[in-house]
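K.L.:
Here are the chains, one letter per residue:
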Amino acid sequence: MYEKEERMLNEMNRDAGIYTAVVSDEALDAAVRSGMRRGRRMQRSRKRIAAYSAMIATVAAAMLFVVWGGDGGIVEPKEQMAAQGPYPPLTGFDLGENITLNTANQHGMIQPVNQSVTRGDYTVTLNGILVGSQQMEVFYTIQNDAEYHADLKRVEMKRKGSSQSLPYSIGSSGGTRIKPGQTFRTRSDIHMGENQAVPEEMTLSFSIAPYSTNTVHQSSAEGEQVLDIDVSVDMETVQKFTRTIPLNKMLQIESQRFYLKEAVLSPAGIVLKANIPSSNTMKVSGLWDVYLETVVNGKQVRLNSDSAFLPGAGGGDMTYFFDSNILENPKSITLKASGFQAVDPSEMKLVIDTDKKEILRAPDGDLRFGAYTGHTLTVEYEERADRHMGSVSIEPEFVDGEGKKHTINEDAGGLSSSSRSSSDTGISLITQYIHLKPGDYPQPLTFTLSSYPGVMEQAFEVPIR
Amino acid sequence: MLETKELAAAACRGDEEAFYALVTEHRRRLYGIAYSYLHNESDALEALQETVCRAWMKCRKLKHPEAFVPWLIRILINCCVDEQKRKKRMVPVEEVRSRETAAEMVSDSKLDLERALSRMKPKYRHVLILKYYQDMTISDIAHILDVPEGTVKTRLHQGLKLLRQKIEPGGAVFHV
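From first to last, the protein sequence lines are chains A and B.
Position 41, counted from 1, in the first sequence is what the numbering used here calls 41; the numbers after and before it change by one each time, with no gaps.
Take the position in the second sequence, starting the count at 1, then add 1000; the result is the number in the numbering used here.
Bound conformation, chain A alone:
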C-alpha cells in the first residue's frame, strides 16, 4: 500500500549503510573510550559531592565550587576526540604566527624524519613533515659547505624510486640564496591536485646550484645537484586525525549557485570542496571574502584561506585550503563569506582603439588606456584595498576591426603586468602589457577577458561543526 514511501526509505537505508561503512574503526573506538573516560570522571565527581554533602551540609555549596574548579566539576565540558599527536615538538624552525603550524607542533603532529643526503658541497636534511588529506608542509635544512653562494632552485615531489612527478603545486621553493658555510632552515607547502591524496611513500628532490644572477630566476641551472630523500608518511596517525564532514549545501544569490560538497578537517589544514554549476549565467569564480570562524574556549578565531584550486571557465570543481586549529577542539567551525566572485560574461570584452588611444568598451570605467609604443599596448587600473579585488586577465587571442583573429607576440613577452603600490593610500597601480606582433591592425581591437573583479554581495554562514 505504501510502496513508494517504503522504496524511498529503503534508498535512504542504502545511503546510511554507505556512510556507516566509511567511518574508521579508530574513530569509533576513540568515541567509545572518550565516552567511558568522561563517564568515569563524572561518576567520581558525583560520589565526591555526595560524600561532602553527607559530612558537612553547610559547606556543601562551597565544596561543589571546589569540585567545579579543580576536577572538571559537576557539569563536565564536553570532552572531545583525542587532540594530541604522538610526536615531540619540532624545534629550530620559526613558525611565526602561522596558526596551523603552531597548533600542529604544540599538539605533537609534525612527524620527525631527520634524514640527510650529501652531494658535493651541499647537504639537505629533511627535518619533519606535517601531512593532511591533500596538503603537506615540509621542514628542511640546507647546509652549504661550498666557498660560494648556493641557490635552492626547486623542491619536487615524485613517486618513490621513480622520476615520475605527482600532480601537486608547491609554494615558497626556489630562488633562495644561501651563503657559504650557512645552515639554512626553511619550509615548503605542497598542495596535491584535485582529488589527489598525499601518497604514503614518496621521494622529495632538492635541486641546488651555485648562485648566479644570470640564473637566479630560472628553475634549473648548470652545475646543479639533485638531492633525493625518500619519505614514508605515518598514515595511521594522519588518518586518525582526519575527518570528512559532508555539507551538501547549495548557496544561492539571485539565480547564481555555489555548491558546498564537503569539508575535510586535519591538523595540516581544512579543505573545502565545492562545485560551481555550469548552469550559472554569470561567470562565478568563487566565494568573496571567505574564511572559517572557529570558537575555542569562548574566543573566536579566524582561519583564512591561503590558496585554492580554481574551476575552469565553465564552472566545475573548486577546492579551498584553509588554516586549521582543530587540535584545539573548537566548539564550532563556521564557514563565512560575503558573496560570490562573479562577473557577467557578456561584459568580459575589452575593445581598444590604438589609433585614437582610447578604450571603447570595458566591463567598467576602471580600466585606462596607457600607451601603444613599439607594438606594446598598456592598460592601467587601480587596485584599491577596499575595492573588490580580483585579477584582470586577458586571453592571448584577439580580433581586429575587420574580424580577423590574431594572437599576441609570445616571443616579445606575450602578456605581463607590473604594479606599484602606495602604503599610504593602499592603492596599487597595475599596468598590463600586451605585446603584439608588428603590423597594422584595422581598428578597433577586441580582447577577451578571462577574469575580472566583480562581486555579488550576500552574507553566508554555514556551520561545519
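Bear in mind the hints are in silico, worked out from the structure with no lab data behind them.
Built from N, CA and C at the ideal position, the CB exists for glycine as well.
Check each hint, because a few of them may be wrong.
Said to hold, decoys possible - Among the chain B residues that face chain A by a calculated CB cut under 8 Å, a handful are: (1) Val1023; (2) Ser1036; (3) Glu1041; (4) Leu1048; (5) Trp1056; (6) Tyr1124; (7) Thr1137.
Said to hold, decoys possible - Only pairs whose alpha carbons sit at most 20 Å apart, straight line, appear in this in silico EDC-like list of lysine to aspartate or glutamate: (8) A/Lys158 / A/Glu201; (9) B/Lys1153 / A/Glu6; (10) A/Lys261 / B/Asp1112; (11) A/Lys4 / B/Asp1135; (12) B/Lys1121 / A/Glu6; (13) A/Lys331 / B/Asp1043; (14) A/Lys261 / B/Asp1043; (15) A/Lys4 / B/Glu1016; (16) B/Lys1153 / A/Glu3; (17) A/Lys261 / B/Glu1114; (18) B/Lys1166 / A/Glu201.
Got chain A; can you put chain B on it based on the hints?
P.N.:
Chain B in isolation, oriented as in the chain A frame:
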C-alpha cells in the same frame, strides 16, 4: 569469549572491560543509527560518545542486563533527539534542491524525505528510522522503544501514511 548476556551482567556490575567489549561489539551499529538521525559523521560520533558516557554512569541501575543493547540504543536515540533540538542551522538561504544530475547533488526526494521525517512526531519517526534505515525487526524495535509489538506495527502504518501526506508530487513539503 563471554556471551552477550554474561558481558552485560558483568558490565552492569561495573566491569569496565566487559562494558567496553559490549559497546565495541555494537559500536558501528550505534553509529549507523546516530547517522540516520544526524546525517553527519562528526555529530554521529559525538552522539556515540555521549551515549557511552550516559550508559556507563547508569548501567549499574539497569534491572534487566539482558536488555542492555536495546537500552543502549534507547539512550542513543535520546542523545540524537537532544542534539537535533540543540542544533540550529544558520544558513541564510534555503537549501536549494538542485535539479541537476551531478552525482554529488542532493536529490529532491531525499531532501523531501528528510524534511518530512524531521517534522514528524518522534514516536513515528523512531519506528520508521529503526525499521527502514537500520533493518530492525518489529520485535527489536519493540524492545528498544519498550512498547508492545502491536504498537510498533500501528506506528509504522501511521508513519508511512503521514509520510505520504507530507510529501506531495514535485517536492513540496508541508509542516505537520
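K.L.:
Hint by hint, say whether it matches the structure.
P.N.:
Evaluation of the provided hints:
1. Using the Cβ-Cβ criterion of 8 Å, the hint placing valine 1023 of chain B at the interface with chain A is satisfied: the shortest such distance is roughly 5 Å.
2. For serine 1036 of chain B, the interface hint holds, since its Cβ comes within 8 Å of a Cβ in chain A; the closest pair sits about 5 Å apart.
3. A least Cβ separation of about 6 Å between glutamate 1041 of chain B and chain A falls short of the 8 Å threshold, and the interface hint therefore holds.
4. Satisfaction of the interface hint for leucine 1048 of chain B is found here, the shortest Cβ-Cβ separation to chain A being roughly 4 Å, below the 8 Å cut-off.
5. The restraint placing tryptophan 1056 of chain B at the interface with chain A holds, with a minimum CB-CB distance near 3 Å, inside the 8 Å limit.
6. Hint status for tyrosine 1124 of chain B: violated, given a least beta-carbon distance of 12 Å to chain A, over 8 Å.
7. With a cut of 8 Å, the hint placing threonine 1137 of chain B at the interface with chain A is violated, because the nearest CB-to-CB distance is about 14 Å.
8. Taking the CA atoms of lysine 158 of chain A and glutamate 201 of chain A, the gap is near 9 Å; set against the 20 Å cutoff, the hint holds.
9. Distance hint between lysine 1153 of chain B and glutamate 6 of chain A is fulfilled; the C-alpha atoms sit about 14 Å from each other, no more than 20 Å.
10. Distance hint between lysine 261 of chain A and aspartate 1112 of chain B is fulfilled; the C-alpha atoms sit about 19 Å from each other, no more than 20 Å.
11. The suggested pairing of lysine 4 of chain A with aspartate 1135 of chain B holds, with an alpha-carbon distance near 17 Å, which does not exceed 20 Å.
12. The suggested pairing of lysine 1121 of chain B with glutamate 6 of chain A holds, with an alpha-carbon distance near 18 Å, which does not exceed 20 Å.
13. Pair hint lysine 331 of chain A plus aspartate 1043 of chain B holds up; C-alpha atoms about 12 Å apart against a cutoff of 20 Å.
14. At most 20 Å may separate the alpha-carbon atoms for a hinted pair to count; lysine 261 of chain A and aspartate 1043 of chain B meet this at roughly 17 Å.
15. Of the pairs offered as hints, the one joining lysine 4 of chain A and glutamate 1016 of chain B is violated, with about 46 Å between alpha carbons and a cut-off of 20 Å exceeded.
16. The straight-line distance between the Cα atoms of lysine 1153 of chain B and glutamate 3 of chain A is roughly 16 Å, inside the 20 Å bound, and the hint therefore holds.
17. At most 20 Å may separate the alpha-carbon atoms for a hinted pair to count; lysine 261 of chain A and glutamate 1114 of chain B meet this at roughly 18 Å.
18. With a C-alpha separation of about 53 Å, the suggested pair lysine 1166 of chain B and glutamate 201 of chain A falls outside the 20 Å cut-off, and the hint is violated.
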